Structure formats: C-alpha cells, structure tokens
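Chain by chain, the residues run as shown.
2 protein chains.
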Amino acid sequence: MRDVAAKAGVTPTVVSRVLHNKATSIRVSEATAQRVRDAAKELEYRVNVFARNFRERQTNTIGVLHGVGFDRPILGRGSRYFGALMDGIIEGAFRHGYAVTLCPRLMSDTPEDAMSDGRFDGLIWYSTVPSDENVAMIRACSAPLVLIHPQPDDLVGCFPIVSCDNAGGVALALEHLTGLGHRRIAFARQGDQEFSESNLRRDAFESWMRTHGLLIDDADMLVVDPEDGVEAYLAAPPRHTAILAHNDELAAAFVRRAPAFGRRIPEDLSVVGFDSTSFCEEVRPTLTSVSQPLEAIGTRASELLVARIVGEALPTPGEMLSCGLDLRETTAKAAQTLSVR
Amino acid sequence: MRDVAAKAGVTPTVVSRVLHNKATSIRVSEATAQRVRDAAKELEYRVNVFARNFRERQTNTIGVLHGVGFDRPILGRGSRYFGALMDGIIEGAFRHGYAVTLCPRLMSDTPEDAMSDGRFDGLIWYSTVPSDENVAMIRACSAPLVLIHPQPDDLVGCFPIVSCDNAGGVALALEHLTGLGHRRIAFARQGDQEFSESNLRRDAFESWMRTHGLLIDDADMLVVDPEDGVEAYLAAPPRHTAILAHNDELAAAFVRRAPAFGRRIPEDLSVVGFDSTSFCEEVRPTLTSVSQPLEAIGTRASELLVARIVGEALPTPGEMLSCGLDLRETTAKAAQTLSVR
DNA sequence: ATGAAAGCGCTAACAA
DNA sequence: TTGTTAGCGCTTTCAT
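Line by line, the protein sequences give chains A and B.
Sequence positions in the first sequence follow my numbering and run 8 to 348.
Sequence positions in the second sequence follow my numbering and run 8 to 348.
Keep in mind that the hints were calculated from the coordinates and are not lab data.
Okay, derived cross-link-like pairs now, SDA-like style, lysine to any residue, Cα gap no bigger than 25 Å in a straight line:
no., chain 1, residue 1, chain 2, residue 2
1, B, K29, B, R59
2, A, K48, B, A150
3, B, K48, A, A147
4, A, K48, B, R146
5, A, K48, B, S149
6, B, K48, A, V75
7, A, K48, B, G74
8, A, K48, B, E140
9, A, K48, B, V142
10, B, K48, A, D139
Since the structure is predicted, the reported quantities are computational estimates derived from the model, not experimental observations.
Start from the sequences and build out the full structure, keeping to the hints where you can.
Here's what the structure looks like:
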C-alpha cells in the first residue's frame, strides 16, 4: 500500500480511501483517485484482509467447535449427521459473508484460549454430550456463542440454543408404532450419559408410554452397546414387537443382527431410528427414522450468531425446531402373538 | 497484556516472554515470572492469537476454495464426494496444527483478492472443471497453493497436483466387465466440458477399448443428461450390455430408470459408476463403482501444502493415487444375445 | 535480567 | 481535497 501511495504521489490514507472506502463520499478528487487506481493496478496491489481485520477488530469468521473429549466429527463416512449440520451452518454464515473455520483440537494450548483468542467474531458450539469440562468452557467464553443441541438447564437462558424437539419426535415415532398395533415397545440406548440428547429421548419415551397407559417396566428401557448388547437382547426370548432406538447407528445394529437370531425385520420386529441421516438408506431393509431438521438447525444457529455479532443484544431464546418421521422399511403391523399381553 | 504488565510492574515485553516464549532460555528471573503469571491469571488474560498471527505474518490457517462458477459443495446430501475430501484435508491440516477455513463465494469482492488476502498461509483449490477464469486465478495466486484433481497441462509442474489415476480406474472397470463377457460397452457422460476429469475418463475408455480390439464407434460414447438423455437412450433398442458412467450420479440415473423401459439391472444391463461415494449404497440395486481414495487425496494435499508453507521449496510433483473397484450389485454376466455382434 | 523502540498493514480522527 | 498522527496487540531486536 505504501508503494502504491508513493507511486501515485499521495499518502496511504488516500489509497485506503480510494480503494476501500465504501462511504458515499470518498472525499478524493477524481484525478487523484484515478492515479491511485492506476498505480494499484500496475503494482498488482491487493489489500491485506488480515491486516484490515486486525485493525477493525473483526474477522468475518466464525469458528465451529465440537467440544473436548470427542473425536473430530466425520463428514464423509457413517452418519451424515455432522455433514448436514455443517451444510446449514455454512449456508447461514455465507449468506452473511462470514467464513467458517474448523479448528484442530480446540486450537490453542488450552481450550479457554481457543474460545477467546480473537480469531473469531463468534463461535458455534456443537457437542452432543456436554461434560463438566465443556460446560465450564462454555461459561468462560467471552465471544458471542451459540449452542447447538439441548444443553443442561443451567446454560439455558445464558446462550442461544438451537435444537430439535426431541419429545415431539419421540411422539411421532410412538404414534406411528401404536397405529400399527404395537403395544410392547422398547427404547434402546447406548451407555449412560450424565446428560445428553439420549436422555431427553428416553424421558420423552417413558412419559409418552405412561401417559398412553402402555405399561412400562425397567426391562423396556434397554441400555445396550451396538454389538454384544444387541446380540444378547436378540438371543433372549422376544419381549417386544417394536424398538425405538436413540439414534440410527444403534437402530441399524438391531436391523443387521436380527436375521441371525431368526427375527425378521419388520415382520417380527419393527425398528425406528432417530436422526434420519441418509445412512438409513444404506441399511437393509431401509431404516424408518425420526428426522431432525439438521440443516435448518445449522442455518438458524449461524443466523442467531450473526445477529449477536452485529450487536443485537437480543434475548437468548432457546429455539426448538420440529422433527419429522421418515417412513422406510423397518416398520410393519405388530405380530399378533406379542401384541396382546 | 498492557494491564498484566502494569499489574506485575513490568513491561509488555516481559509479559510476552514469560507467557509465550517457547525458547529454552526465558531470560527472566523466576520471581518476576511468577508475578507475571499471577497477574495474568487474576486478570484472566488471554493472548490474542489474531494479533500474534498478524505480527508473525502467518495465520496457521489454510483456505479451501472451490472455484468460481460452481455452487458450494454439499456435505450432507447427495454424493459424499466433497465430505470425504474434506475429511482428508482436515485430517492432514489438523495433524500439523492448521485450521481449515471454508469461504463464502470466493470471499472478497474479486477472486484475485481472495487468493492473496493474507488470511491464509496456503490454499487448497478444489475444482473439477477449471474454466479459463479459474485457471487465470490459479496462475495469479501468490500464496502457496495445492490443486486437487487433474488440471490442464499448462498448470502441471507449476503447482503440486493431487489426483487419482483415472486411467487406471477405467481399466479396472473394463477388465471387470470384459471378464464378465461384455463386449458392447458404452461410456456415458454428461454435457461437454472443455476440460475435466470426465474427459480423462472418456479418453482412457476409448484408448483401452481400442487397445483391446473392442470396436468403437461414436455411438458408444454417450453424452446424456441424467433425465431426458438417459430415458431416450433406454427407450431405443439395446445397443450395449454394459455402461461405464463418468460418475455415480449418472450411473444411478441409468439404474433407476432402466426398469421403466423393461431393462433389468444387472441381468440385461450392467452399470458401473465412478467415485464410489457411499451414495452407491442408496441406489437399488447397489451400484458397482470405481473408487477414488478421496480421503487420502485430501490428506496428501494438506501435507504437500504444509510442506510448501514451511518453506520446503520442493519440486511440484503431480501425485496420482490408485483407484479401486467396489463390486456391488449392478454388474453381472453379459446377456448372450448382445455380447457377440 | 529488564526495558525502550519499532513495526506488521491498515484505517479513522483530526488538522490543514 | 489531502495529509498527519496514532494505534489495533503482539514480538523482536537492541540497548541498558
């Protein structure tokens, strides 16, 4: 820039005004402006956006964090969960001219640094299982922050939170199954988390079943790992005609292993997953699943974040987007032998 | 930082040395250092990474560009092509402590700016179809740059290029098909590009078929759009027993539409796709396809880029990674009626 | 062992 | 209309 100024016989200030000032009045004579433009062109001058951002104390970039203690989310394999979310985040960010950055580990040496290191105008925190450590980090974050996924109660109201309506999704699945005549329905989840979306789904399941007078005992709440646990369940005498799993992977484990235990899907056992990632299409039979509006969630998160960044001191609403139910091939009418107890 | 210095009764220089200097000798007395650390802790001081990067003239960030004139690649729907590539890029970048940024449009007002705006230590250019405009931009780029996908000849040798061995992939597919007895094989592609990976595949197809004495006439080189074009081909009398498509989407179009025209897949017509994205699993029957090592390509691109960034003035090798062939359900023995002509 | 000074490239407030 | 000055937060000579 200095070179351009020298060549045009002006000061850097003028160059800045001519080349970058978007104000209506440039306050530079046309002749001078032209000289500057010519010089810039000749020297192939390019503004250093990084320096500009530094000076303006804004980076036009939002960071996507996924919490510590988890592997980096995978885009091209397995569930498309994170891919869909990212698409939404990117869509919303690009719409407002923000770039999106994915960070290694959590970037700098300590997570706290990462969240307030000046590289981002704002952050989207994506984590399904907020550990104490993560919650502490979230609390300590000084930059604008939007959370995706339901979060522990003590975070609600402090930050905008975007999530799907898990209870509504569970209800959709159960209405579908009971409509097919199922009465003996299990809920399957993996491991026990202190807090997570699984828990919300489990609670919603219990509550819905109870409300509808479908007897529940503890044995209906399965906690199984996708390998041995699922096989052990299938090896035992049938106790349910339908299973709602807390996510697609676990549902798929049932679908894939059932035939080996003489249980036909869906004739003997209906299975419903949760998330309806396109992974459901890769399972045979294809997996009926509760769908989350993942892209919409991502987009909304970006938009709320941008709103914060540009200073709208909005309230911090928890936004809940509705779920749907994608009917595929793993549900059918209940087998009569088990449907009445 | 100034505040910390004041509180500890030293200058910012000392603070910087105590908190951030990784040199073996800090050259600060332990007593002073401790005072600084205490002050920093009390004030909850966090280094501003952005400022540091500015000063050091390096951003620890690489940008991913996808060229102008195309829509932003999608991660969560359709083919997983870009998702897999991104996974590889991220993997390679994170391994060396670099963040990865996705940019809106091509970021700044003009593409040229984008590529030299100081925000990135280096760039990965991902584009399947380099238009003249894109080639010009690539040439003008002043930052370290690595290209993914085969590129026009005049770019070879100027930049590191990572791609798959398209000719090898075509050979794998054709060996498989001829091994099944197919002799009348078509190559299907979409539209005509001045330059693109499709062309390499087409050329490889022609050359392989000719070398192996399998008569070729122009009618074997289909140029069809995935809707009307495919239907028109299927509506006409059968001319081939197998089709190799330039990508999975087009292959899927044949598979999906064939039944409506009385052509069973694979009994009447074998179909092979290209890329073997997990999308192949969503087609019925599942799609046999040539696989690219997408993640490996992405990772390698990141690594070459990092090598450039840290200043290894390496030669600019074109790296070609081998393809594989994922056998699924869309290929079978050739129907006799057509196999001999 | 510590401090003073300079400067990365840019922009904005103010002065002329 | 143009120039001067100052400073974003940090690190790095170089001097003390």
